[in-house]
Each structure stands twice: as C-alpha cells, then as structure tokens.
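With chain A held as given, fit chain B onto it using these hints.
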Amino acid sequence: MNALDQYIDLYEANAATVSAHSAGALNAARADALELLKRVGRLPHKGEEGYEKTSVDDMFAPDYGVNIGRVDIPVDLAAVFHCGVPTASTWLGAVANDKFVPTESLLRNIPEGVTVMSLAAAAAEMPDVVEKYYGRIASEERGGTPLALNTLLAQDGVFIHVCRGVKAAKPMQIVNLLSSPVPLMAVRRVLVVAEEDSDISILFCDHSRCEIKCLASQVIEIYAGKGAHVNVCDMEESSSGTSRFSQLFAEQHDGSELKINGLTLLNGITRNEYYIVQKGSRAVTTLDGMAIGNGEQHIDNFSELSHSGDHGRSNQLFKYVLDGSSSGAFAGTITVESGARFNEAYQSNRNILASREARMHTKPQLLIFNDDVKCSHGATTGQLDQNALFYMRQRGIPLAEARMMLMQAFMMDIIDNVGIDGLSERLRHLVERRFRGEEMMCADCNAKHGV
Amino acid sequence: MKEDILLEIKGLKAELADGGKEILHGVDLTVRPGEVHAIMGPNGSGKSTLSATLAGDPRFNVTAGTATLHGVNLLDLAPEDRSHEGLFLSFQYPVEIPGVSMVNFMRAALNAKRKYFGEEPLSASEFLKLMRRKREIVELDNKLASRSVNEGFSGGEKKRNEIFQMAVLEPRLAILDETDSGLDIDALRVVAGGVNKLRTPDNAAIVITHYQRLLDYIKPDVVHVLYKGRIVRSGGPELALELEEKGYDWIKEEVDNQKDSAI
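Heads up: the protein sequence lines correspond to chains A and B, in order.
According to this note's numbering, the first sequence is numbered sequentially starting from 39.
According to this note's numbering, the second sequence is numbered sequentially starting from 27.
Just so you know, the hints here were simulated from the structure itself, not pulled from any lab data.
All clues stand as given, with none of them false.
Here are the simulated distance ranges between beta carbons:
1. B/A150 to A/E142: 34 to 42 Å
2. B/E165 to A/G460: 33 to 41 Å
3. B/E165 to A/S143: 48 to 56 Å
4. A/E463 to B/R159: 23 to 31 Å
5. B/K36 to A/A438: 30 to 38 Å
6. A/D451 to B/G262: 51 to 59 Å
7. A/G416 to B/L267: 48 to 56 Å
8. A/D451 to B/H236: 37 to 45 Å
9. B/N87 to A/G460: 44 to 52 Å
Footprint (simulated), chain A over chain B, 3 or more residues, beta carbon under 8 Å:
10. 73-84
11. 107-120
12. 124-130
13. 134-140
Each residue gets a CB set at the ideal place from its N, CA and C atoms; glycine is no exception.
Here chain B stands alone, though its shape is the one from the complex:
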C-alpha cells in the first residue's frame, strides 16, 4: 500500500556540485513506518552522499530520480523545510558553532518548525521543561546544553548531542550517519539506547554504519549494501552478520563481474 510508505527513493543520481563527479548512480530504497534500515558498504561507496543529498546538502546536485517523504517531494524543498517535514540527519561529524549556545540553537530550530505548522512559539518555561525531559533520554549533561553548539565537546558528547536534538525535533525519519564512529562501548550503548527509546510505529530510521557492532544495539529490519553509488544487495539482519564475517570483497567481485559480463 502506497500510504504505508514513509520514504521512497527511485533512481536517485547525484553529483558533486563542485566538479560534477557523479557519486550516486541510481539509488532505489523504500522505507515503511516502524522500520529500521541499515545501510552498509565499503568506504567511498556513497553512503554519506546519500544521506547528505536527502537532507539537501548544497555540496551535491541531484541529476535524476525522485525522493519522497510521506508523499512530499523532498527534492523540491529547502533543507530547513525537509527538516520540518520530518527528516533528521545525525551528522557523522557534527559541526562546532562557536558563539551560538545550544539553548538558542534548539529554540530557533524548534520554533521554526512550530511556525512552519502554524503554531505559536513555545514559552521559555515550556521550552526549558522540554529540554530537560529530552536531555534525560541520552543522559546529556546540563552543562553541555549551556555551551556553544558542539564546541569543545568530546566525540561521544557530540553524538549524544545529535540524538538529543533528534529527541527534541521528533522526526518521522532519522538518518544516522556513522553515529557509532568515535564512540566507546559505553557511549555506544547510551546513544543506541536513545535511538531505541525514540522508536515508534510511525517513525523510521536509516542507520549508516561500517560495522555490525551498532546493529547489536539497534536491530535493523532490513540491511542494504551500497557499493559504487547503488544499492547492490538487500537482506535481513543476517546479511550484516555475513558481511562482518566475510567482508565486502565477495560482493564487490559479484557486482564487478556482473558489470563485466554485461559489457
């Protein structure tokens, strides 16, 4: 059923805005509410480009294909409107913004979303209450919340902060781009725990990772392998275990041989 589809990507091609090199060569992906999808793949296969392109990163140009979120054409929207429509990207490298406090940053983000839906801004006390409640989900220190965005945060604190923001914004679709990179086991558990707490039957997540490890904590329904800008294989959770055991070479060989025979 069409109504049951949250994210639908068809034949998505994207290139670097600077230089025009094509990185995504036609990605197809369908995500339904309540699902967790994992996207794995070797370095340079286009995983981060896919997430950045969906979020509207101006470093990439879409040259073909479509992407809709609950029926809304994402590719026509400015990044901020994609966010309002429910797309959240947890950055692999969260950006430090000296001089902008976390509080002002989150208030601006939340109130922009409310405005988009014709709602009044939150009062100061409502906002602070919300912040406190959401902080607990990822055990984020209050001190971090009073500092500049990500400035001087450790790797683990930055990733917690991403999940905290996700908790505040309550997205329909969260894309977690290598959220596990730079995390120790304890931090990984906290971050993954936060993601799991935020799961509902209506929202969905795409987890981009190199390693099976994260998937022990965030159980995927579907695992995809992205290679050379295409999804070349999809399967259940067992695919991730197989990749962990055998590496990517067998898939690379399969794909490259197919191409050769096609020529």
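Extracted from the complex, chain A is given alone in its bound form:
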C-alpha cells in the first residue's frame, strides 16, 4: 500500500463528514482532487524529477490521523504567545493544527478593509470572493498530487483579504501551532487576496508541540492585484519530529510587488515549494530562503518563478548552513516566457557545509524563451572561511564561538532583507540562539527527539 491510499480511503469513508465541517469552494474542489489522486495513484518518490532528494511518499507514509470530525484537540494557546517573535507590533491570529483561532485583539483591532478569518467561515459567508480565487492560483499541473491531497482533505485555514487601496498599518501574524497527543497530519489552507494597490505584510510562525510525529500539509495561495504589495515571511521553528510539506502559489499582476522569505530555523523534514507567476507587467518578486540544519534534519526548497509580462524583475537568494548529518536541497527554475520582454531575473543559492557529514544538493535552472533579458543563476557550496576563523581565534575568540559568528554572519543579508518592521532584529537574536544551540520554543519536543 502506498502512502496515498490511506488518505483516499479515509476520505471516501468520511466524505460527508469532511464536507459537513467545511463549506462552499473548499467542498466544491474535492471531486476533481479525488479524481486526480485516483488517476495518478501515488505521491512523488525520491529521485523523480523535481523530487530528487525528498520523498513525499515517505513524508506522508506514517499512519497519521486527520482530524476529520473536528474533535477539539486540547491546544495550549498560551504557547502562541511564546512565539519568539514579539506580538505587540502585529495583529495576531493562530491556527491550532488546522483550525483557525482568532484572538480577542485581532477581532477588536482589525481595521476596516482588512479581513482575517477562518477560511471555512469565509467560504460560507462570502462565497463569491473565496470561489473566485480558491484553487485558481494553485495549479494542478504544478502542484500535482500533493496539492490535490491538501485540497481533498482541507477543512479550514486562514483567509486574508485586503480591499482595494487599503494599506494595512501593521503586519498580520499567524502562529501555526502543531500540537497533538497522537500522530497527526494537519491540513492547512491559506488564501491571501490583496486587491489592487493594497499593501499587507504577513508573518507565519510554525511551531510544534508534538511529543510524537506530526506532519503539516500546507497550501498557500496569494493573489497580488495591480500595484499590490504583499510581503510574506514564513518561518518554521518546529521540532525534529515534525515534517512539513508546503506549497506556495502566487499570481502577480501589473506593477505588483511580492516579497517572500522562507525561513527554516528548526525542523525535522521540510519541503517548501514556491510557484510564482508574474502575469502582469512591471511586477517585482523577491524570494529569499534561509535554512539552518543540524542533526538529521532535511530541508528542501523548490522554486518555479515564471515571467510572462514585460519589464518584470525577480531576485531569489537561498542560503543554507548545514551542520551535523543534516542535508539540504535546492532546485530553482526561472522561466522567461516567449513574448515577455525586458525582464530581469536573478537567482543565487549559497551554502556552507559546517561538517564533513552534511550534504547539499543544488540545481539552479534558467529557461529563457525570449531575447532582451538579463538573467543569471548560480550556486556555491563551501566551508567556513578558514582564514577568517584563524583571524578570529588569533584575537582570542574560541573556535566554537568564531564558527557560530561566521555562520550567523553568512545569514545576515537574508535577515536584513526581511521586510517586516522589527523582525530583522528579532531574527538576528533567534538565529544566534539557534546557532548557539540554546533552547528554542520547541525545546521540550526536541529533547525527546534527540536534537
């Protein structure tokens, strides 16, 4: 039996319950998803194109429970407030496993023109908007069976909508908390609609309080209308027992600016996929990623960024520091479609292997079907600078401290480039703590899983 079958069986036995706890567009999309899953019959295996270093099948293979019946799993919501990122300067919401939980302050303070709510509730209360975008930005062709599986089982998540011309004054912070006494798969779905000339920053913080293995299956869809500014920072600080499979789909229209930071501070097995299409002209995309691995951690980032308008610009920078026996993978493709003129697209992947056992696999790619482009791509993988290490030690800085400082310094451009006020400073601290091996939020679980 392959990993997929158990979920198809689960769905078929509980289809009515799944739908009863969800609504509208979410339910309407399930039939096509089921059809695709049955037709293809399997999740991607390691070694297949696009999945060279990560087996999705293995990630989903454990016998995870799915909270079909929306049983109230006791979740320590106080933990949300222990998130290492200060919450005072954000509007805070939480997703407990895969159920949206608003906070009092969110309900009270969210300004007019910005909607942040449960996706299931939105599908029922404002079906027109949700139907217009849900499942339309995520493409089956790109997302394949992992996307279809999320669509099949997703019952809730977050809906964020910003009206035309509205500029949100504060970042939205969504703390995703995985917490369960039994092995659990959380199936989250996020839909972000930023209408014309709107402006929103969103910070996702993934934490995990799982004492046993958990899996988060996440699909984020982002619509950036004409001239919209969308800034997303997706930070994972989970545990070695946590697997995360995330797909982010974004569609950009004329003059929109999209900035995405994917930060893997602490994890078990992570696969992040980014599918971004510049549909309009003069769109600007920044896609940055940071991955810190040690122990047996595995971090795989995959990006497909496509320019189909004129005068588009994009910049991708992914950096990894891998220690211990951790492994990393990066595969990124920039496509400049035929007829898309005067585009500039850059992609860079830089990695440090801090131990002999750590492994990095990188595959930067460019597909250009047009003249008049400025594009570059490149990857470097090396060790810590031995000259710098000796220089620091000569000044009295002990080897371990010098290594830590160099690893942190390596990430500084990513950290400084996070476009959310106050977050860079906080991240500096979190990254330092991470490299020092000090207690993170999920320390309880990590002790059990031997990080």
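Chain B in isolation, oriented as in the chain A frame:
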C-alpha cells in the same frame, strides 16, 4: 636571568600542513620584556611563516623545537589561548569578515580573554568607553568601528584597525607582520605612533619588515636576518641600515658559501 625572558624559541622547525614542505629549518630567538626586535630578510625566507606558526596558524605544522611565552609552552595551546596568554599577531593581510561587526568582534575577543582569566564580561558602557579610548590611539574613525570587520577598509585603515585591536587586547608580545606594506607615509606615521604609544617596560614587539623605513619610526633594539628558514645574522639597529644600503646579496652569499664549505 630566565625570568627576564618573554619569548624563547629554540630550534623551531615548521612545515606546510598541506604537502609537508619544510619552511623553518630551526629558528632560535630570545626576546626580553621592553625590547623591540626587527626581523628582516628576502622574500620567501620564512618571516611570515614564523609569525603564523607562533600564532598557531593551522596551515603549518611544527615538527621540532620549542617556543615559550613567559614560560608557557605556546605550541601546546590553541590559537585563542595563545592570544589570551598575550600573543598578538598583526596580519600582513587582515581578513575581511562580512556580517560580523567590529563591535561584536572586539566584544567577543575581549570577553573571551576575560573569561580565560576568570573575570566577568565588561558591561556595555564600560566596553564602549574602552573602545573610544583605544580608537584615539590610532585615530580610527568611529564609522569604521561600526562596520563589518575590515570590510571595504582601505589598506591603511586595515592596518590602523590591527593596531587598534592590539591596543584593546594589550598583548605581552606583538608581532607586526609587514605592517608597513601598503601604507603611505602619513598612515605609516600614525600606525608606528600607535605601536610606540603601546610600548611598556613589560611588553615587547617583533617587527617583520622588508624595509628600514618603518624602523625609523619604531626603533628596534635588535635586528635579525632570516634567510632560508633560519636566523643567519643578528645585530643592532645599524644592521638594518647596512641592509638598506647593501641589500641581502652579501648575506645570502655568506650563508650559501658556509653551507658549501660545510659540505
């Protein structure tokens, strides 16, 4: 008197860690507190290797000999501990470290030294005061102190920064490896002035240089010539003037002839 010896090197042999080529063939050198020694010599004679080996650069392996600093066996210590014991190396090519600010770098260095001696770390305000005071010694711009270590510094600024770090760490023995290279006259004066201000009867300096010029500013007590991995001649300050005038060829010939006759 033994207690009067700060640095004592005996029969030091060192080879490249990568490939094993021997570069130092038995160096003997004794430095006493309060002294300034100059080491001169033609290119490739092993001057930088000697300083790097003393500092514990992992690119070199010591194969024979001893080196002690105020009686402590240097060769047994990690580079950071040699630093704590009072050895400072001013690099010929100071390393740029993007992303590490000068402030964090110096705080880490200073507090590591304090920890080594069982002292509490300096408070933020004490540390900043110290930095300000030491900056003045080499007229180092405050702006440089807020930047990443050596990143984008000019040649002169890098060397000033070396002397600034020396001022902060207050070493017993400073080795200045071609501190004059890449400096114009004004910068040379500032750097040399800084070194002179830091001289005390208890510490000492070894100045490695190609040129007599630096020695006009930092007056040596003893001048050594290093050639083919050995100190082949030592003398007073006048030796440096003689070398400036006559070059190294006469010493090379002397040494090479001696070797021939020995065979």
